[in-house]
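Protein sequence lines, in the order shown, are assigned to chains A and B. Just so we're aligned, residue 1 is where the first sequence starts under our numbering, counting upward by one. Just so we're aligned, residue 1 is where the second sequence starts under our numbering, counting upward by one.
Simulated from the structure, these hints should not be mistaken for lab results. Each hint should be verified, as a subset may be incorrect.
Stated by the list, open to error - No more than 20 Å apart at the CA atoms, straight line, and that leaves these computed lysine to aspartate or glutamate pairs for EDC-like:
| hint | chain 1 | residue 1 | chain 2 | residue 2 |
| --- | --- | --- | --- | --- |
| 1 | B | Lys23 | A | Glu132 |
| 2 | B | Lys11 | B | Glu286 |
| 3 | B | Lys492 | B | Glu482 |
| 4 | A | Lys33 | B | Asp230 |
| 5 | A | Lys23 | B | Glu342 |
| 6 | B | Lys193 | B | Glu342 |
Unchecked claim - To spell it out: a stretch of chain A is covered by chain B in this simulated footprint if at least three of its residues, at any positions, have a beta carbon under 8 Å from a beta carbon of chain B; those stretches are:
| hint | segment |
| --- | --- |
| 7 | 177-184 |
| 8 | 297-306 |
| 9 | 482-493 |
Note that beta-carbon positions come from the ideal geometry of N, C-alpha and C, so glycine has one too.
Spelled out, the chains give:
Protein chains: 2
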Amino acid sequence: MTSDAYNELEKHFQRIANLESAKAILHWDSATKMPVGGAMARIEQLATLDGVIHSLITDPDIGELIDKAKGKDIDSWSTRNLELMEQRWQRASAVPAGLVEAYTRACVSCEACWRYARDRNDYSVLVPLLTEVVTLTRERACALSDALDLMPYDALLDEHDPGCRVKELDKLFSELQNFLPSLTNEAMSRQEKQEKPRHERARFPVKYQQRVAKLLMLQLGLEDNHSRLDVSHHPFSGGVPDDVRITTRYNEDNMAQGLLGVLHETGHALYERGLPKDWRGQPVGEAHGMAVHESQSLLIEMQVSRSQPFLTFLTTKLQSLFGDADFLQGVQDLSCLWTWVEPGLIRVDADEVTYPSHIILRYELERQLIDGHLDPIDLPEAWSVGMGKYLGIVPLDDRDGCMQDIHWYTGEFGYFPSYTVGAVAAAQFFAAATGQMPQMDENIECGDFSLLLSWLRCNIHSCGSRYSRDQLLRRATGRELETFDFERHLRKRYLD
Amino acid sequence: MTSDAYNELEKHFQRIANLESAKAILHWDSATKMPVGGAMARIEQLATLDGVIHSLITDPDIGELIDKAKGKDIDSWSTRNLELMEQRWQRASAVPAGLVEAYTRACVSCEACWRYARDRNDYSVLVPLLTEVVTLTRERACALSDALDLMPYDALLDEHDPGCRVKELDKLFSELQNFLPSLTNEAMSRQEKQEKPRHERARFPVKYQQRVAKLLMLQLGLEDNHSRLDVSHHPFSGGVPDDVRITTRYNEDNMAQGLLGVLHETGHALYERGLPKDWRGQPVGEAHGMAVHESQSLLIEMQVSRSQPFLTFLTTKLQSLFGDADFLQGVQDLSCLWTWVEPGLIRVDADEVTYPSHIILRYELERQLIDGHLDPIDLPEAWSVGMGKYLGIVPLDDRDGCMQDIHWYTGEFGYFPSYTVGAVAAAQFFAAATGQMPQMDENIECGDFSLLLSWLRCNIHSCGSRYSRDQLLRRATGRELETFDFERHLRKRYLD
Numbered sequence: 001m002t003s004d005a006y007n008e009l010e011k012h013f014q015r016i017a018n019l020e021s022a023k024a025i026l027h028w029d030s031a032t033k034m035p036v037g038g039a040m041a042r043i044e045q046l047a048t049l050d051g052v053i054h055s056l057i058t059d060p061d062i063g064e065l066i067d068k069a070k071g072k073d074i075d076s077w078s079t080r081n082l083e084l085m086e087q088r089w090q091r092a093s094a095v096p097a098g099l100v101e102a103y104t105r106a107c108v109s110c111e112a113c114w115r116y117a118r119d120r121n122d123y124s125v126l127v128p129l130l131t132e133v134v135t136l137t138r139e140r141a142c143a144l145s146d147a148l149d150l151m152p153y154d155a156l157l158d159e160h161d162p163g164c165r166v167k168e169l170d171k172l173f174s175e176l177q178n179f180l181p182s183l184t185n186e187a188m189s190r191q192e193k194q195e196k197p198r199h200e201r202a203r204f205p206v207k208y209q210q211r212v213a214k215l216l217m218l219q220l221g222l223e224d225n226h227s228r229l230d231v232s233h234h235p236f237s238g239g240v241p242d243d244v245r246i247t248t249r250y251n252e253d254n255m256a257q258g259l260l261g262v263l264h265e266t267g268h269a270l271y272e273r274g275l276p277k278d279w280r281g282q283p284v285g286e287a288h289g290m291a292v293h294e295s296q297s298l299l300i301e302m303q304v305s306r307s308q309p310f311l312t313f314l315t316t317k318l319q320s321l322f323g324d325a326d327f328l329q330g331v332q333d334l335s336c337l338w339t340w341v342e343p344g345l346i347r348v349d350a351d352e353v354t355y356p357s358h359i360i361l362r363y364e365l366e367r368q369l370i371d372g373h374l375d376p377i378d379l380p381e382a383w384s385v386g387m388g389k390y391l392g393i394v395p396l397d398d399r400d401g402c403m404q405d406i407h408w409y410t411g412e413f414g415y416f417p418s419y420t421v422g423a424v425a426a427a428q429f430f431a432a433a434t435g436q437m438p439q440m441d442e443n444i445e446c447g448d449f450s451l452l453l454s455w456l457r458c459n460i461h462s463c464g465s466r467y468s469r470d471q472l473l474r475r476a477t478g479r480e481l482e483t484f485d486f487e488r489h490l491r492k493r494y495l496d
Numbered sequence: 001m002t003s004d005a006y007n008e009l010e011k012h013f014q015r016i017a018n019l020e021s022a023k024a025i026l027h028w029d030s031a032t033k034m035p036v037g038g039a040m041a042r043i044e045q046l047a048t049l050d051g052v053i054h055s056l057i058t059d060p061d062i063g064e065l066i067d068k069a070k071g072k073d074i075d076s077w078s079t080r081n082l083e084l085m086e087q088r089w090q091r092a093s094a095v096p097a098g099l100v101e102a103y104t105r106a107c108v109s110c111e112a113c114w115r116y117a118r119d120r121n122d123y124s125v126l127v128p129l130l131t132e133v134v135t136l137t138r139e140r141a142c143a144l145s146d147a148l149d150l151m152p153y154d155a156l157l158d159e160h161d162p163g164c165r166v167k168e169l170d171k172l173f174s175e176l177q178n179f180l181p182s183l184t185n186e187a188m189s190r191q192e193k194q195e196k197p198r199h200e201r202a203r204f205p206v207k208y209q210q211r212v213a214k215l216l217m218l219q220l221g222l223e224d225n226h227s228r229l230d231v232s233h234h235p236f237s238g239g240v241p242d243d244v245r246i247t248t249r250y251n252e253d254n255m256a257q258g259l260l261g262v263l264h265e266t267g268h269a270l271y272e273r274g275l276p277k278d279w280r281g282q283p284v285g286e287a288h289g290m291a292v293h294e295s296q297s298l299l300i301e302m303q304v305s306r307s308q309p310f311l312t313f314l315t316t317k318l319q320s321l322f323g324d325a326d327f328l329q330g331v332q333d334l335s336c337l338w339t340w341v342e343p344g345l346i347r348v349d350a351d352e353v354t355y356p357s358h359i360i361l362r363y364e365l366e367r368q369l370i371d372g373h374l375d376p377i378d379l380p381e382a383w384s385v386g387m388g389k390y391l392g393i394v395p396l397d398d399r400d401g402c403m404q405d406i407h408w409y410t411g412e413f414g415y416f417p418s419y420t421v422g423a424v425a426a427a428q429f430f431a432a433a434t435g436q437m438p439q440m441d442e443n444i445e446c447g448d449f450s451l452l453l454s455w456l457r458c459n460i461h462s463c464g465s466r467y468s469r470d471q472l473l474r475r476a477t478g479r480e481l482e483t484f485d486f487e488r489h490l491r492k493r494y495l496d
């Protein structure tokens with residue numbers, strides 16, 4: 001029997017989760033359906049919801065209830081749930097309300113300025129606002145650091161990927177640096193024989209792309225009565241576990257963009273759909289964090305969708321769907337397009353081999369920004385130096401340089417590493433799944449993803465936040481996070 | 001200078017309004033975009049929001065702040081705002097939390113059962129649930145009656161149309177009963193010469209209907225960056241003043257249905273758009289109530305859109321848009337279709353002449369239900385008797401009888417009269433506007449609605465809830481609510 005205090009806490013956190021769900025739908029609406037004139041009202045709605053949620057999480061009664069519930073006879077899931085409740089309560093209570101408000105306001109202003117500044121390629125107007133965001137982020141990090149007994153930057157990492165620390169990342173990134181530069185060069189020299197695929201050869205009408213995208217979502221295992229597919233400026237997966245909402249954007253000259261967007265987001269959405277039903281609305285029932293989330297999207301996008309068996313399946317599917325339509329001549333480029341390796345300026349356009357270098361650069365720079373070793377005014381210079389060092393190319397302007405990503409300008413520091421932790425974990429998960437199911441390639445070639453999905457459901461999705469990231473990896477793959485499978489995957493795909 | 005207590009109240013009610021806005025968008029989403037599998041999560045989101053809103057409105061500090069703010073030197077709008085805040089606080093505090101919860105639960109169950117029972121044409125399964133709803137509604141009405149010093153049914157009327165009382169409605173409905181039966185007969189005997197228009201002669205592809213609908217919305221004055229048009233099972237106007245969301249449904253065999261839906265909802269949406277910007281989020285800045293709201297939708301639908309000048313404009317527009325497309329041959333039927341008078345079983349399909357009889361029947365029955373003079377088990381019998389008395393026809397089954405409307409089964413008693421009060425007020429408003437602008441017909445024929453919109457903005461929309469319904473009528477038309485203009489309008493349109 002669970003304790004009264006614990007039951008009370010579950011009810012309280014369920015209410016918080018319901019309000020978070022409401023926010024998720026409103027965010028989706030803002031990006032997909034809201035007429036522009038509705039923006040101010042939407043900001044007010046979301047800010048009020050944030051305020052209500054904050055006051056519910058920091059409710060002084062929570063601390064007391066947690067103390068009462070501790071040590072009572074509750075099962076292991078409830079124990080973990082209680083632990084996560086306490087972490088949330090500590091986090092939220094650590095930062096003074098005045099600082100939360102100042103930080104939120106600074107982020108909103110900076111984001112708006114970022115859109116303006118990036119359009120005009122004028123970093124200088126952003127400097128004072130970014131400086132303010134960095135200063136307040138540092139203050140937040142210090143407040144969290146005190147409360148959680150973590151280094152300030154670790155406290156930020158922990159927000160996005162619970163348990164992630166600088167120490168681990170330094171080791172991971174240095175291992176990647178050991179093989180990625182030479183692997184990139186080798187892959188590129190192999191490509192020299194090939195003609196670089198031209199996007200424009202494959203011109204796919206949007207309505208066909210939509211049909212294919214929807215079909216792939218369903219085939220991968222998303223149920224039609226629990227999901228939507230819409231268009232937004234940037235692809236994302238939003239909504240709530242029983243009502244997941246994927247978005248993408250379509251470009252008739254480049255089907256890869258829209259389709260890979262949907263495949264990536266389907267990975268995220270499948271994770272949400274598979275979270276433990278019995279723990280809906282409880283911290284332990286939620287996704288583990290951004291790194292595990294990204295491992296699920298990248299598993300579908302990088303491990304599955306860009307593989308030869310999937311490309312065979314997709315090509316066959318497209319041919320059976322659209323017969324001998326003109327645009328089908330472009331399909332033969334897909335395989336080459338989806339596995340082309342070439343250092344570029346833009347992170348979101350990067351291939352999986354050069355992508356980690358973009359992340360390592362950002363990781364180094366954001367640590368320096370938060371530590372105070374790098375002044376925002378000097379960011380463009382540091383960016384160019386870093387790009388030269390890690391990718392061998394230098395942006396001609398700040399738009400394609402330090403202004404390309406929204407993250408820092410909305411106060412998201414400590415987020416970037418999740419992308420690469422996720423990519424490495426994706427390779428490790430997929431290698432384990434394939435090891436246990438030798439028929440994987442064959443199944444994928446036939447468009448049968450049911451066994452893969454069952455494996456993911458069983459080993460990852462249904463675990464919610466029951467385990468730490470490393471426990472999750474150990475249970476599913478027998479090992480903690482390591483680069484072995486990632487390197488082997490890249491060597492096989494790009495050098496074999 | 002406004003008082004601190006008053007300012008505090010404004011902030012508090014602004015937060016409540018922001019949460020109500022969030023709810024409005026979520027409601028829209030439920031009816032238009034949500035995959036069915038999201039329903040349970042949505043119910044939780046809305047229930048939690050309701051709970052938060054309820055606790056904010058009944059916050060004991062509110063009463064104290066209101067007392068402090070009273071008598072302070074505040075302007076007339078703020079004084080009225082304060083009065084409305086107090087009414088809301090009194091209303092919300094009058095009903096015990098346990099009763100609110102029991103009532104909400106009973107309504108949700110009854111509504112679900114209604115959908116099932118209506119589909120199967122089986123009223124008997126509904127009886128226990130409707131009985132529960134009626135019982136709890138009566139308890140609610142009595143609690144409100146004590147707190148507001150109103151008769152119980154008046155307290156329900158007041159929820160939908162503030163200030164509305166049985167005494168006034170009895171007088172209004174008896175006046176209508178004095179001329180409607182004979183007017184209906186006369187109109188019908190005039191029609192005898194005409195062939196009854198067949199819907200199927202005008203077959204309009206949905207994509208054309210959507211184009212026309214969107215065009216009419218914009219032409220009537222809704223701005224594209226503050227509005228949307230989508231499809232839902234029942235047409236409605238939702239969202240918030242700066243982000244209004246209209247829905248309709250399309251039937252290729254009956255363009256009138258979809259288009260009149262959009263025109264009606266555009267009237268509602270224009271009202272919301274025109275509410276005083278300086279008072280967004282405050283009770284005084286909100287729409288007055290359902291009767292005034294309905295007067296705005298019916299002014300556009302009945303007074304404007306079914307008029308000869310508008311039909312001329314629409315026909316010309318359709319011809320210029322679609323040239324000599326096949327379906328245009330149906331357009332000539334529109335005028336006849338949109339002004340056909342014939343008693344029918346279904347309220348929502350009724351013409352404007354017979355519509356009030358449907359309302360009078362419901363008004364009589366719901367009063368008896370609330371007073372306890374009619375037992376839900378006897379409703380079908382009372383319905384048939386009433387239909388025979390007021391409309392001369394009797395339903396063959398309960399589906400087309402007492403189960404046709406959702407209102408009672410979701411606990412909405414006291415709502416129906418607003419439709420007819422709105423229709424009568426619409427005629428009065430439109431007559432006043434036309435009296436002040438003799439070029440009205442000419443403008444409408446050219447599709448120029450700007451003067452009409454300015455008049456509505458100035459005399460109604462921008463007043464928000466500053467005045468009572470009768471003050472609003474007196475200011476705009478020189479008189480309180482009366483049937484004179486409504487009767488004249490019907491005689492002109494149907495007997496001239």
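Hints, one by one, checked against the model:
| no. | hint | verdict |
| --- | --- | --- |
| 1 | B/Lys23 <-> A/Glu132 | 34 Å, violated |
| 2 | B/Lys11 <-> B/Glu286 | 15 Å, holds |
| 3 | B/Lys492 <-> B/Glu482 | 17 Å, holds |
| 4 | A/Lys33 <-> B/Asp230 | 10 Å, holds |
| 5 | A/Lys23 <-> B/Glu342 | 48 Å, violated |
| 6 | B/Lys193 <-> B/Glu342 | 14 Å, holds |
| 7 | 177-184 | violated (count 0) |
| 8 | 297-306 | violated (count 0) |
| 9 | 482-493 | violated (count 0) |
Hint violations for this structure: numbers 1, 5, 7, 8, 9, all remaining hints satisfied.
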